[in-house]
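Chemist: Residues per chain are reported as follows:
Number of protein chains: 2
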Amino acid sequence: MQFSPLLSRLIETLTYLPGIGKKGATRIAFQMLERNREGAMALSHALHDAMEHIKHCRMCRTFTEDEICAICANTRRVDSGVLCIVESPQDVVAIEQTASFEGTYFVLMGHLSPIDGIGPEDLGLDELEARLANGKLQEVILATNPTVEGEATAHYISQLCQKHNVAASRIAHGVPVGGELEYIDGNTLMHAFSGRKTL
Amino acid sequence: MQFSPLLSRLIETLTYLPGIGKKGATRIAFQMLERNREGAMALSHALHDAMEHIKHCRMCRTFTEDEICAICANTRRVDSGVLCIVESPQDVVAIEQTASFEGTYFVLMGHLSPIDGIGPEDLGLDELEARLANGKLQEVILATNPTVEGEATAHYISQLCQKHNVAASRIAHGVPVGGELEYIDGNTLMHAFSGRKTL
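Chains as they are written, first to last, in UniProt numbering: chain A, 1 to 199; chain B, 1 to 199.
None of these hints come from the bench; they were simulated from the model.
Each hint should be verified, as a subset may be incorrect.
No farther apart than 20 Å at their CA atoms in a straight line, the calculated lysine to aspartate or glutamate pairs in the DMTMM-like style are these [claimed, not checked]: (1) B/Lys22 x A/Glu96; (2) B/Lys163 x B/Glu180; (3) B/Lys23 x A/Glu96; (4) A/Lys23 x B/Glu96; (5) A/Lys23 x A/Glu34; (6) B/Lys55 x A/Glu121; (7) A/Lys22 x B/Asp91; (8) A/Lys55 x B/Glu151; (9) B/Lys55 x A/Glu96; (10) A/Lys55 x B/Glu127; (11) A/Lys23 x B/Asp122; (12) B/Lys22 x A/Asp91; (13) B/Lys55 x B/Asp91; (14) A/Lys55 x B/Asp66; (15) A/Lys22 x B/Glu96; (16) B/Lys22 x B/Glu38; (17) B/Lys55 x B/Glu38; (18) B/Lys55 x A/Asp116; (19) B/Lys55 x B/Asp122; (20) B/Lys163 x B/Glu127; (21) A/Lys136 x A/Asp122; (22) B/Lys23 x A/Asp91.
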């Protein structure tokens with residue numbers, strides 16, 4: 001059916017949200033109009049302000065509206081001298097939720113992918129190299145995804161570390177805690193065996 | 001973890017969308033920031049304009065930014081003299097998608113529910129009665145939901161119709177097309193039998 005122009009536009013733009021299709025967008029549009037106009041207005045303003053003001057942290061490239069994000073502004077964490085390299089801000093969230101890492105991050109916002117034209121400069125590796133060169137880092141933990149591109153990126157960065165005499169480590173690959181061996185793929189199992197620890 | 005204030009606000013307000021939880025909102029926020037800032041901006045403006053300008057049609061009470069919606073502005077449909085009463089604008093969408101109804105609608109925006117303090121005036125039944133009284137309607141089709149409140153609302157409106165000598169009909173209850181008898185509840189089956197048609 002033909003919706004009014006404003007309603008059509010609202011439904012159309014709601015489908016820009018990842019995971020929302022035409023049907024879901026229509027349902028959301030009607031529900032917001034019927035029950036939560038203030039909420040929708042608040043969302044409109046929050047979206048506007050976020051898209052306008054949220055940029056990248058000057059140190060770690062994660063999303064923040066400040067010059068430097070809260071983690072990079074924490075001197076205790078900076079002084080630890082440990083830098084964890086991840087592909088995306090979501091990875092920072094996942095690691096922060098474990099509350100076990102005390103260093104700072106460097107967010108690549110992607111991975112090396114020559115086929116898509118994504119080279120070292122696009123990932124800010126020149127900035128990273130400058131930090132490796134200034135001698136304040138003790139260790140770099142490579143926490144890129146365990147995919148082909150992630151591994152290649154980790155390998156590239158490990159060579160930069162070597163060049164500047166900074167210790168580099170890769171997060172362990174193995175059997176996820178709570179998983180069942182039966183359902184683990186062979187590649188992961190191989191890693192779990194070769195990475196075994198003596199008790 | 002602690003997000004920056006603007007990011008927290010964006011995630012918080014995204015959960016106002018029906019069906020979106022904290023985790024989904026976080027995912028959406030990051031994806032929009034990373035990949036579709038223009039889309040998010042467009043959504044922000046569409047939300048703002050829709051919430052600001054979309055009101056109810058003066059004739060049928062459905063959502064529109066115009067004085068009168070497209071269906072009520074169609075003289076061919078108004079002249080048919082058939083009025084279909086539904087509970088919500090979504091019901092109008094569902095019926096319009098069948099492309100089989102040629103009359104106009106009246107949207108109650110709810111159903112009679114004394115326990116929630118929703119009486120006839122809240123559903124615009126005074127306006128409806130004025131239209132029943134002016135003698136231009138031939139038939140009223142009651143398409144409220146087949147729930148206790150929907151049936152009560154239909155019953156109430158059928159009495160208004162009787163008072164003003166306008167024919168009232170209720171949509172048929174029965175076995176949905178494509179359904180299997182085995183899985184149909186007893187109440188629906190009873191309706192299907194009592195409403196049987198001679199062939």
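Chemist: Are the hints correct? Go through all of them and say.
Modeler: Structure-based check of each hint:
1. B/Lys22 x A/Glu96: holds (16 Å)
2. B/Lys163 x B/Glu180: violated (40 Å)
3. B/Lys23 x A/Glu96: Cα-Cα ~15 Å, so holds.
4. A/Lys23 x B/Glu96: holds (15 Å)
5. A/Lys23 x A/Glu34: The hint holds at about 17 Å.
6. B/Lys55 x A/Glu121: Outside the cut-off at roughly 50 Å; violated.
7. A/Lys22 x B/Asp91: holds (16 Å)
8. A/Lys55 x B/Glu151: At roughly 55 Å apart (the allowed maximum being 20 Å), B/Glu151 and A/Lys55 break the hint.
9. B/Lys55 x A/Glu96: Violated, because 45 Å separates the two Cα atoms, which is more than 20 Å.
10. A/Lys55 x B/Glu127: It is violated: about 52 Å lies between the C-alpha atoms, which goes past 20 Å.
11. A/Lys23 x B/Asp122: Measuring from Cα to Cα gives roughly 28 Å; hence the hint is violated.
12. B/Lys22 x A/Asp91: This hinted pair holds, its Cα atoms lying about 16 Å apart.
13. B/Lys55 x B/Asp91: The hint holds at about 17 Å.
14. A/Lys55 x B/Asp66: violated (39 Å)
15. A/Lys22 x B/Glu96: Distance of about 16 Å is within 20 Å: holds.
16. B/Lys22 x B/Glu38: Roughly 23 Å between the alpha carbons, so the hint for B/Lys22 and B/Glu38 is violated.
17. B/Lys55 x B/Glu38: violated (27 Å)
18. B/Lys55 x A/Asp116: violated (47 Å)
19. B/Lys55 x B/Asp122: holds (16 Å)
20. B/Lys163 x B/Glu127: holds (15 Å)
21. A/Lys136 x A/Asp122: violated (24 Å)
22. B/Lys23 x A/Asp91: holds (14 Å)
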